Amino acid sequence: MSEEILKISNIHVSVEDTEIIKGLSLTINKGEVHAIMGRNGSGKSTLANVLMGHPSYQITSGEITYYGQPLEQLEVYERARAGMFLSFQYPSVLPGVKVGTFLKKSIEAVRGEPVKQKDFRNQLKAAMTLLDMDRSFLSRYVNDGFSGGEKKRLEILQLVLLQPSLAILDETDSGLDIDALKIVSKGINQVVPHAGCIVITHYQRLLEHVKADYVHVMIDGKVVKSGGPDLAHKLEEQGYDWLEANA
Amino acid sequence: MSDEAISESNEARDLVGEYQFGFHDEDKSVIRFNNGLSEQIVRDISAIKNEPEWMTDIRVKAYHHFVEREMPKWGSPEILNNIDFEAITYFLRSTDATKDDWKDVPEDIQNTFDKVGLREAEGTWLGGITAQYDSEAVYHSIREDLESQGVIFLDMDSGLREHPELVKKYFGKVVPHSDNKFAALNTAVWSGGSFVYIPKGVHVEMPIQAYFRINAENMGQFERTLILADEGSSVHYIEGCTAPSYSSTALHSAVVELIAMDGAKIRYSTIQNWSNNVLNLVTKRAHAMKNSTVEWIDSNIGSGLTMKYPAILLKGEGSHAEVVSVAYAGKGQHQDTGAKVHHLAANTTSNIISKSISKDGGRSTYRGMLQVMPKAHNCRSKIVCDALMLDSDSRSDTYPTMEIGNSSADLEHEASVSKVSGDQLFYLMSRGFSEQEAMGLIVNGFFEPFTRELPADYAVEMNKLLNIKMEGSIG
Chain A
0 MSEEILKISN IHVSVEDTEI IKGLSLTINK GEVHAIMGRN GSGKSTLANV LMGHPSYQIT
60 SGEITYYGQP LEQLEVYERA RAGMFLSFQY PSVLPGVKVG TFLKKSIEAV RGEPVKQKDF
120 RNQLKAAMTL LDMDRSFLSR YVNDGFSGGE KKRLEILQLV LLQPSLAILD ETDSGLDIDA
180 LKIVSKGINQ VVPHAGCIVI THYQRLLEHV KADYVHVMID GKVVKSGGPD LAHKLEEQGY
240 DWLEANA
Chain B
0 MSDEAISESN EARDLVGEYQ FGFHDEDKSV IRFNNGLSEQ IVRDISAIKN EPEWMTDIRV
60 KAYHHFVERE MPKWGSPEIL NNIDFEAITY FLRSTDATKD DWKDVPEDIQ NTFDKVGLRE
120 AEGTWLGGIT AQYDSEAVYH SIREDLESQG VIFLDMDSGL REHPELVKKY FGKVVPHSDN
180 KFAALNTAVW SGGSFVYIPK GVHVEMPIQA YFRINAENMG QFERTLILAD EGSSVHYIEG
240 CTAPSYSSTA LHSAVVELIA MDGAKIRYST IQNWSNNVLN LVTKRAHAMK NSTVEWIDSN
300 IGSGLTMKYP AILLKGEGSH AEVVSVAYAG KGQHQDTGAK VHHLAANTTS NIISKSISKD
360 GGRSTYRGML QVMPKAHNCR SKIVCDALML DSDSRSDTYP TMEIGNSSAD LEHEASVSKV
420 SGDQLFYLMS RGFSEQEAMG LIVNGFFEPF TRELPADYAV EMNKLLNIKM EGSIG
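Here the protein sequences line up with chains A and B, keeping their order.
So in numbering that gives the first Met the number 0, spot 223 of the first sequence is number 222, and the numbers just go up one at a time.
So in numbering that gives the first Met the number 0, spot 66 of the second sequence is number 65, and the numbers just go up one at a time.
Treat the hints as calculated values from the structure; they're not laboratory data.
The structure presented is a predicted model; accordingly, all values stated were derived computationally and were not measured.
Hints are supplied without guarantee of correctness; some may be wrong.
As the list claims (entries may be wrong) - Which bits of chain A does chain B cover? Going by a derived footprint, with three or more residues having C-beta under 8 Å, they are: (1) 93-103; (2) 123-136.
Unchecked claim - Derived lysine-lysine pairs resembling DSSO-like cross-links, with alpha carbons at most 30 Å apart: (3) B:LYS418 / A:LYS150; (4) B:LYS418 / A:LYS104; (5) B:LYS180 / B:LYS199; (6) B:LYS381 / A:LYS97; (7) A:LYS117 / A:LYS210; (8) A:LYS97 / B:LYS418; (9) B:LYS168 / B:LYS48; (10) B:LYS339 / B:LYS167; (11) A:LYS103 / B:LYS27; (12) A:LYS150 / A:LYS97.
Stated by the list, open to error - One side of the interface only, derived from the structure: several residues of chain A facing chain B at Cβ under 8 Å: (13) HIS53; (14) ALA79; (15) ARG80; (16) LEU85; (17) PHE87; (18) PRO90; (19) ALA108; (20) VAL109; (21) GLN157; (22) VAL159.
Think of the CB as a built atom: it goes at the ideal place given N, C-alpha and C, for glycine as much as any other residue.
Pulled out of the complex, with its shape left as it was, chain A reads as follows:
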């Protein structure tokens, strides 16, 4: 029996009184990768944000549980400390905050205890080698003047260092060239065996490197079709029109 990490039961989600997600259910077990695909505006990023607890999104009905506990009462930072991680589509710029300092403090905040400088250095070195990142990253300010690809790489570096139990990757593949995509995938694949993973994407190409166990198609705030990896191929070839006709 696989270990259940996240259970979403028929949630409806609104932003400023506009309903974006209109009844969505999903169960994610440890070690599973769930790809969520769909067009812009279908509600994919809303799902990512509501899982992490963004204050602008209201769950109007339904329930989400994380390790069997209702998620609703947890603050954003408590979710992070409980092992949830969101890789942002558009990560924020933090002027004056050095990447190295930020990473160490973040690890300490999530784990709730100080990290030895030596352990931190070792973990950091391993992760940066895996992701082919130069040490010069560490003394730059977080996302300040970063290219799109550099921002995504820093997100995945955090993913690898924070070792979450639930990873939500919001369009991590967008803006990456094929080499960067391969590197980022290495990071994701390292985390997958120990976590549940939600991969939000437009394209099938990330799924060539990260093996999805399930593919869900979202249209207008609902999952209209779920299937295996084949579904992603079919979407790539045929687009979403055939599903919209059924929706």
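Once you have looked at the hints, place chain B on chain A.
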């Protein structure tokens, strides 16, 4: 500000542990004048200090100017016009004399200077200190090696007694009593402050520090400082200040005059951390002679209202001015600060950096003046003003004034106002930081590019204060 508003704002700081210095000792003053101001009070202050007649005359003249002079119309006229000058104590002597051994200082006063961290700093990285408690210095020390090089570092009352010729020559020459209403008030009732003279070519390696502590309620503290750096000398002077939290207004109105002679360098650093019932209305100005450098590093973290614009007159060719101004305005605080640089001579340069933070309805204002006189050829100046607002209740304004009389001047001016965004907070919180920790990171980041440039001990002290501010605040 009403008493009630002051109380509330002080309480906000005390309750959350944000202000650690709000305690007070029992008033055991040796002499305390009745509240209120008159020519007689001015004469009594001069008499009790056994001053020469010329100083009494300067005081009386300044007093009459104070009475006639109108209030400044900028800053916070509503607070200024409501100051009750009759409710202030203008002179309070806490001990019978200034001591050079802490053992001779009354125990509660010793403890106070312990708690504010002065005694620890004295033992580790300072070349000398003066500890002023209400109107006068209670303790003073200077390293012997400095003394043997001819460095004079005294409280101003002792300076006047021991070096009347120097004081007479320079007192009020940089900041005349007629400069503004509060400069007039200070000149009339001044007490304490520092007198510093650095002989030609002497470099004072360790900073010297004055600490100003207000203890009594309704106190007015009017220290007067004069620093003379003779040719080719250098000195770093640091001042710190704190006060108890009371529900009624205390007034701090200092005048600081600096003269950097040819090739000299003066760095004057301030860590102002008054309680919120203190009105801090200070005039600071420097004369920079040929090839000299004057630096004001001015951080304003406390007080209900601060109005202070450290100024530098670049009088000698090749002189350089540097002003670094840091302000934090929390609940019930208005920091109206800035800098004034006047390029009077050719080939002079200036840098002004201002960084301010406002939070919980606090207000920070940058008010600056840059002037280049017609005969001052080939001057360079760079001004950078950055303001960060942590919420939408807070306010930040910038009033830069430039008067450029010489077309060869090379000027740069950058200004930015930013607000902490919901997206930044969400991003940081998704990385495990509570809202307060997230704010703290953003604030430290805002100061990072420039705390790097500060002297290490100073930067440590300031970071500590800012972190206390951030951690203690209610998210």
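Each hint, compared with the structure:
no.	hint	in the structure
1	93-103	holds (count 6)
2	123-136	violated (count 0)
3	B:LYS418 / A:LYS150	22 Å, holds
4	B:LYS418 / A:LYS104	23 Å, holds
5	B:LYS180 / B:LYS199	35 Å, violated
6	B:LYS381 / A:LYS97	26 Å, holds
7	A:LYS117 / A:LYS210	34 Å, violated
8	A:LYS97 / B:LYS418	19 Å, holds
9	B:LYS168 / B:LYS48	20 Å, holds
10	B:LYS339 / B:LYS167	26 Å, holds
11	A:LYS103 / B:LYS27	51 Å, violated
12	A:LYS150 / A:LYS97	14 Å, holds
13	HIS53	6 Å, holds
14	ALA79	4 Å, holds
15	ARG80	5 Å, holds
16	LEU85	5 Å, holds
17	PHE87	6 Å, holds
18	PRO90	6 Å, holds
19	ALA108	3 Å, holds
20	VAL109	4 Å, holds
21	GLN157	7 Å, holds
22	VAL159	14 Å, violated
Hint violations for this structure: numbers 2, 5, 7, 11 and 22, all remaining hints satisfied.
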